[in-house]
Amino acid sequence: MKTNSNKLTKKDLFRANWRWLWASQLSWNYEKMMAPGYFYTVLPFLKRWYKDEELVEMMQMQSQFFNVNAFDGNFIIGMDLAIEEKQGSKAKETIAGLKTGLMGPLAGVGDTIFGAIIPTICGSIGAYMGLRGNPFGAFLWIIVNLIVLFTRFGFLNLGYSQGAKLIDSASGKLNAITDSAILLGVTVVGALIPTVVNVKVPFVYRAGKVTLKMQTILNQIMPSLVPVLLVALVYWLLGKKHVTSTKMIWFVLILGIVLSYFHILSA
Amino acid sequence: MKTNSNKLTKKDLFRANWRWLWASQLSWNYEKMMAPGYFYTVLPFLKRWYKDEELVEMMQMQSQFFNVNAFDGNFIIGMDLAIEEKQGSKAKETIAGLKTGLMGPLAGVGDTIFGAIIPTICGSIGAYMGLRGNPFGAFLWIIVNLIVLFTRFGFLNLGYSQGAKLIDSASGKLNAITDSAILLGVTVVGALIPTVVNVKVPFVYRAGKVTLKMQTILNQIMPSLVPVLLVALVYWLLGKKHVTSTKMIWFVLILGIVLSYFHILSA
Amino acid sequence: MKTNSNKLTKKDLFRANWRWLWASQLSWNYEKMMAPGYFYTVLPFLKRWYKDEELVEMMQMQSQFFNVNAFDGNFIIGMDLAIEEKQGSKAKETIAGLKTGLMGPLAGVGDTIFGAIIPTICGSIGAYMGLRGNPFGAFLWIIVNLIVLFTRFGFLNLGYSQGAKLIDSASGKLNAITDSAILLGVTVVGALIPTVVNVKVPFVYRAGKVTLKMQTILNQIMPSLVPVLLVALVYWLLGKKHVTSTKMIWFVLILGIVLSYFHILSA
Amino acid sequence: MTIQWWQILLLTCLAFWAIIDQLTVSIVNNPLAIGMISGIIMGDITTGLAVGATLQLMVLGVSTYGGASMPDFITGAIVGKVYAVISGKGVQFAIGLAVPVGLLMVQLDVLARFANTIFQHRIDTFIKENKPNAAARNALWGTFTWGFSRAIPVFILLVVGNDVVKAILRIIPAWLTDGLKVSGHILPIVGIAILLRYLPTKRFISYLAIGFIAAAYLKMPMLGVALLGAALAYLHYTREVEKLNTKQNSSEKVTESEEYTNEEGEYEN
Amino acid sequence: MTIQWWQILLLTCLAFWAIIDQLTVSIVNNPLAIGMISGIIMGDITTGLAVGATLQLMVLGVSTYGGASMPDFITGAIVGKVYAVISGKGVQFAIGLAVPVGLLMVQLDVLARFANTIFQHRIDTFIKENKPNAAARNALWGTFTWGFSRAIPVFILLVVGNDVVKAILRIIPAWLTDGLKVSGHILPIVGIAILLRYLPTKRFISYLAIGFIAAAYLKMPMLGVALLGAALAYLHYTREVEKLNTKQNSSEKVTESEEYTNEEGEYEN
Amino acid sequence: MTIQWWQILLLTCLAFWAIIDQLTVSIVNNPLAIGMISGIIMGDITTGLAVGATLQLMVLGVSTYGGASMPDFITGAIVGKVYAVISGKGVQFAIGLAVPVGLLMVQLDVLARFANTIFQHRIDTFIKENKPNAAARNALWGTFTWGFSRAIPVFILLVVGNDVVKAILRIIPAWLTDGLKVSGHILPIVGIAILLRYLPTKRFISYLAIGFIAAAYLKMPMLGVALLGAALAYLHYTREVEKLNTKQNSSEKVTESEEYTNEEGEYEN
Ligand SMILES: OC[C@H]1O[C@H](O)[C@@H](O)[C@@H](O)[C@@H]1O
Ligand SMILES: OC[C@H]1O[C@H](O)[C@@H](O)[C@@H](O)[C@@H]1O
Ligand SMILES: OC[C@H]1O[C@H](O)[C@@H](O)[C@@H](O)[C@@H]1O
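Protein chains in written order, with UniProt numbering: chain Z, 1 to 267; chain L, 1 to 267; chain H, 1 to 267; chain F, 1 to 269; chain A, 1 to 269; chain G, 1 to 269.
So, partial list: chain Z residues that the calculated Cβ filter (under 8 Å) puts toward chain L:
no. : residue
1   : Y205
2   : A207
3   : L212
4   : I217
5   : Q220
6   : I221
Result set (BS3-like, lysine-lysine): computed pairs, CA atoms no more than 27 Å apart in a straight line:
no. : chain 1 : residue 1 : chain 2 : residue 2
7   : H       : K86       : A       : K128
8   : F       : K131      : L       : K247
9   : G       : K243      : Z       : K165
10  : G       : K219      : H       : K200
11  : H       : K90       : A       : K202
12  : Z       : K90       : G       : K202
13  : A       : K202      : H       : K240
14  : Z       : K86       : Z       : K7
15  : Z       : K86       : Z       : K47
16  : H       : K200      : H       : K213
Hints listed in this document are in silico derivations from the structure and should not be mistaken for laboratory results.
Positions of the beta carbon are idealized from the N, C-alpha and C atoms, including for glycine.
Chain Z with its partners taken away, still in its complex shape (with noise of 0.2 Å):
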């Protein structure tokens, strides 16, 4: 159980957000994203708050899918930490809950703040200083992404104090919490399917001047019908004997060539 003598200093919450700066997208993978990185970043803590089977099933709750805008991701990161240092690991399932309902929301804004705006501004600001030879609009995106480096530091902060203020109010309610976080973060999950997944059926039906395009069908049963069906299925192999996620993560690679290969599915 949770050890209250450790309180999370200042130099922690640092230590955090450096971890984070560094290791976010370095493994990112296909099939769980960011979960390396997160699970990389929270690890210092869980060692200090957790022993052994506490400590597994806590880094395998921290090991789930994830994804989220690497600048402006570490908010959830910081709650997280504020949660469990309080509740250790009876939170559990807030955390994979409120990480699972917050990344969408957060990839959206950052992705359109750090992802969309400030490039698209520094971008051409700097392109037309450069084709005239001036590097000076060179150098002035490199002092706002320093700005921005320093930015970044401060939602982890902002998360962790969020999450206090949050853990606080609820005390005695962890099973309510809990509750509504997986609440909202199955919700995000099931809009996360269309979005994440997209996929398209070429197949193009011709005969004379009739043509009869297969997604427009699909499309008319169910949007992203494709989608739902491919994690139907995945999902339910995966609840077999013998199944595990490497040879799943197999399965797919080769059912998406293979699907690819007889023009059934296109990206």
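Use these hints to put chains L, H, F, A and G with the ligands onto chain Z, whose structure you have.
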């Protein structure tokens, strides 16, 4: 009450399938659409399970408004039989809700597959061959139709097993299931009103350059306002003394002709 | 508390109608729109039913933000009177919720009928006649207006009878009704924010061929983001000490001019 | 070339069967197949195929949804084919004939769907009187309304000739056919209203509104609404079951449940 | 032709009344009627009708929603009509004058709606001090802000002449009129925020979000949102009532309610 | 002009760093900066800026969302710049080279993201075996897959020359690159499915459906769905807390709670 001695056999299910195949649309009518077909299909089972008052009640329930695609709609009959077999007339409201809730989506899926996709493919192949005097395409389509015919029989059995599963998992919770089934049914009816009742107000006010389309203004107040008002009117009238459904059907029939005559409604 | 001795008479209802007819929009203002009119209309009844502290409280409730179409909005006053007559100040929150919940839809319906349909029809007939020097159309419109004027009086009475029905059927359940009324009201306010507060960010970033419309980017983050932030700001400020609504109105007034001056907001 | 009495008989039967086939087994449910069969009966399979194929291309993907009446080019194919052979004027002539016949059939289709409400009311009455078998018979009598709606006009056309179609179309006033179309569109209201009276609608009126909003305001297709409905139904189900459990708990094991409350926090899925 | 002092007086009163009429009884609430009446006052009803009718056509279906300010062609009609008669230059000249006047009125309309916030604050204060009658008076004083917002400019225009309009329009800087427009659009925020503080918003914050999502993301019109809100409110109501009943049952008739649980199944609506 | 070995070394390191920079500190995460730095290394900052700026304009606002692979004009900038200097053929030649290199990098980006799934599986295994440090190491080893995915091709290109790119692009069959793209798009399904198995999804399946409906049918963006989810979560929360309170009340103060019920009406927020 239900008599356990008469468990449904494969022959029973085949018989239901057979009756549905022939009767589903034969007495299709504007008032209750496929209600006669549904009633005819389940009648032998009703007679086996219920007597007197109970029989009348269940027959009445089974002859309410029903409309589905004839090819996949027997799925609902399968579920129905599985549930009634276990619960008898206690499940009256459950069945009423389920029928109403499932008919909409099964109509959509069935119409797309059996009404649009297959005929378009077979039809275009067949027509192009036919134009060159080659009857092969026409025969091919007949063969496809025979395969489809065969497949149709599967849906009822599938429904039967799903229904059995549902009712088993819910033993002792029939009230909750009934409520939920009705909830689903009522939701679908809410969507049925603007979908099935397709009338417009063609009235256009014109004075000089000014045109005022009545339907556009009505849409600003509420989409599908006219269907809603008509349903409300008929619902309200049906609650009056001496108003029978026969009177209502004549009323609506004449109403339609009159409103059309004065260009107040158009199809 | 309510005094049963003073049951509302027809004359009372007429008086309410009359006051609403004249006062509803006279002190219409940007801050609380028709609040003065509503307050003025119900004041005689408040004075009859309540004293001292209770009176102040009820007057405060009756002078909150309110906006509706003046022609059909008295329906709400009718409901209000029926409920207060039975329940007195216990119904304070119920009334607050109902007013807020019903004003939106009644505004929409009233504006369509009395603000769009009737003026368009009467106006086009009258104008075409007027252009040919024929005053008949103008007089016709005046007659229509007199009929409309007469009709307006009916809505309040209709509201009164509906309110009485509601409150009778719900005896002993006022808490539940109050909650539901507020729920409805809050839902409508949620929709009011993006509807009523209609401002855009006109800022467009340009560099060479690159244009970046600020409003488009903001919409990507969240539609109606600016109105939401502004409401949140004012809501938050109102919670501070020494912040009065008078100060807020000046603050927002100047804010609008300043933000417009710097092209940050436009109408 | 003239037509033989046995050909008229066969073609009339074919017209009868064609509509019943569509409503039941759906084996020759298309202009192409019916055109071919007419061709066989008339001894000229190639023209039959050509007429059927041409009409087929005109209705590709057109299908009857929710009981709407469509131009019936299947019946059109029979008549068109026959006249093409009799007159010897070829496929285009046949099409020119098949199309108005197909359009005429829309009116008769509407009529058949109307006529069947009579059987519906008889069913309702017989059920009330607990006469299941009588009711069952009425569920099948539609066979004749449907069948004759196609067989009779084909028979007349083959015996009396083409002019009769035009005459009939001239006699029926437009306001009546238009009016019947509107009536056909609003008649389901009666069935829906009866259903709403039958179900405990008042208790679930909120869900009626939600379904309506989804379809009318948000233009969600039926499967989407049903999915939403199922989600809400499952929520309701969980809540009801929870209530059941609470009730049982509260009576059986008051002390235990309280301990659980104090313990608070251990999550269980 | 010159204008008489009693004509000026009558026309000024007409301008005052025209706006009050719109806000209250709505009998002559349109350019057509006001144009006609100005015509009567000026002794030339035909031109009055023509001016009014032309302006009427320009505002057909334009109406003020949610307190937005529209070009006021009613006031425009008065001034336009008068100058048409005085100058003798006819209808087109009158229109050319009425339009800028109508546009100027937008600014004054905004100003009147601003000025009334003063009465609002006095109402709020008097209510707090429990002076209902004083508060009531302030609910009517808007009569003068509204009325004079139209009467004064019309009076000036008739006395001083047309050039003054152009001068005024030239003096008021664009940033101020633009700014006032923006302020007008965001001022309701204060009222809404006060309302939110007044209602127990926190408890129902979820519904605030749902209403917002429906309007902002799904573009549902207000009546649709209200319908959804009503559906959710009714759901809430049923649940609360159910809870009340359970509480009463659980105390009054514990044994019976348990029997019901065990019985399970008999449906009751 | 020929290239020196230390220049090759520096440029290879730059390619390695450029991608790591994007994934971590994001300081020189754009073609412009990298073009400039290559220019410094090659001793011709002006051309470097020109190449970088031109490529920059081609990717304005293009960014990688949800792990999609984009043409990598940052790596393109390095190669392009170098060849522009070596060949002396100027900026346009450099761009003509940078673009295919950037496109080639899409394939290698996909490959790196694939390769990292190996580390993912090692992490999962080490966690199961309670070896946190070993797992942590694997969370960083992606550095090399990412880094080398850019460094190696740049190195080869600088040493062996341009033709090798074309050769490689010719060898890799289209069905494989297309197939890998599809696989990349559907692989997240595995992570999502594992997550769904991990969370108590069945209890909350209704909300899964609601989230899906909002995104798929109503096209609501993610933040909107999350807002809706938060609203529903808060509703759930209030209800759960209420239940907790009821339980405590019902045991502690039965009599009081009943009085409250009878009193009925006094509203409390
Ligand atoms: O739309 C469902 C269903 O409605 C009616 O019953 C007919 O039009 C059928 O052809 C159709 O399949
Ligand atoms: O939109 C409702 C209502 O809003 C304001 O009060 C005015 O613009 C009225 O004219 C309008 O009817
Ligand atoms: O979309 C969120 C996130 O997804 C992936 O992790 C990458 O594409 C990031 O660049 C992006 O910010």
